[in-house]
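Protein chains: 2
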Amino acid sequence: MRRVYKKADLPVAEIRRFLEPGPIVLVSSRWKNHTNIMTMGWHTVMEFSPSLIGCMITAANHSYEMIRKSGECVINIPTVHLVEEIVGIGNTTGAHLDKFRKFGLTEEEGNIVKAPLIKECYANYECRVADTQLLKGYNFFILEVVSARAAVYPKYPKTVHYRGEGIFMVSGKHINLRKKFKNQNL
Amino acid sequence: MRRVYKKADLPVAEIRRFLEPGPIVLVSSRWKNHTNIMTMGWHTVMEFSPSLIGCMITAANHSYEMIRKSGECVINIPTVHLVEEIVGIGNTTGAHLDKFRKFGLTEEEGNIVKAPLIKECYANYECRVADTQLLKGYNFFILEVVSARAAVYPKYPKTVHYRGEGIFMVSGKHINLRKKFKNQNL
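Line by line, the protein sequences are chains P and S.
Number 39 in the numbering used here belongs to position 39 of the first sequence; there are no gaps in the numbering.
So the numbering used here is basically just the index in the second sequence, starting at one, shifted up by 186.
In silico DSS-like cross-links for lysine-lysine, where the CA-CA straight-line distance does not exceed 25 Å: (1) S/LYS359 with S/LYS341; (2) P/LYS158 with S/LYS344; (3) S/LYS341 with P/LYS173; (4) P/LYS102 with S/LYS368; (5) P/LYS102 with S/LYS365; (6) P/LYS69 with P/LYS32; (7) S/LYS359 with P/LYS173; (8) P/LYS180 with S/LYS344; (9) S/LYS344 with P/LYS155; (10) P/LYS158 with S/LYS366; (11) P/LYS158 with S/LYS341; (12) P/LYS102 with S/LYS366; (13) P/LYS173 with S/LYS344; (14) P/LYS180 with S/LYS288; (15) P/LYS136 with S/LYS322; (16) S/LYS193 with S/LYS344; (17) S/LYS288 with P/LYS182; (18) S/LYS359 with P/LYS158; (19) P/LYS158 with P/LYS7; (20) S/LYS359 with P/LYS155.
None of these hints come from the bench; they were simulated from the model.
Could you put the whole structure together from the sequences, leaning on the hints where they help?
So, in structure tokens, the structure goes:
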């Protein structure tokens, strides 16, 4: 069951709102005329400004060279409605497969990068590769988010979070403890 | 409302089960006779074996030097029952405060590291600092998990996941899609 999200620009310094909780994401890329999508669970916010994300992409993955050579990718945040696609994308290689077509997903044009955004996802973060020093030892990319958009409704997405062994946790309810924070620690 | 967890050793190659979903964690450390605890949301699994975790700890944080100098820390995974303590620990500095005493938490001895484990947490990952090359540019520690234990019940913890602005998402239900995975992709 798909959802259609109406989206608005999100300031890049605020992308943690949907990424820090730790959802599985779909990473889309373009190299020459070929596009690809991979499923990724190992990522973290690294800085507000510049807006940095660190992530692990195994070199054996078809997307690795596409992202390294193009210097770009898009981190798309899917919701539970796409969980079958998340698994399908993670269990196929894009070497000889058009994953957008195979999984019925729609390419959307970004504001800055040439890699395609996935229209059906709740949020899309356009990224440029910012630092490759950990690629050799750890396959770890440091990306800078250069443009972002997110759905305006619902306020928070129902994301899926991977535990390994085929088990996904689905995001639950929210607690607001803002009153207990000092402003600088929010 | 606290819970008392009965724990068992967890193979270090399996620590992703509770960390990859992206919960807020409590990082405990010891330097000389001083212990401290900090709240951390920016972390990722980086490798199964050796068992690596990458995490961002601001240098302004009192724990930063304690972890850097001792070369050790413990990543403790708290559940929603400790959400008030998570916020309290994140909004105080350990420079002149004993956080274990202040927040009524219990130090537990590790198998390998000298940093104390937090008994009230669902899981405890004993870590050694494995690589400091990203400290200077990004305050990013690469840690190796050298020993781990986790609660035997419940199977999955009710963790909290931070969105910023004082808002926490609480982990929800689980979906098992193991049958749709190829074994090497689990």
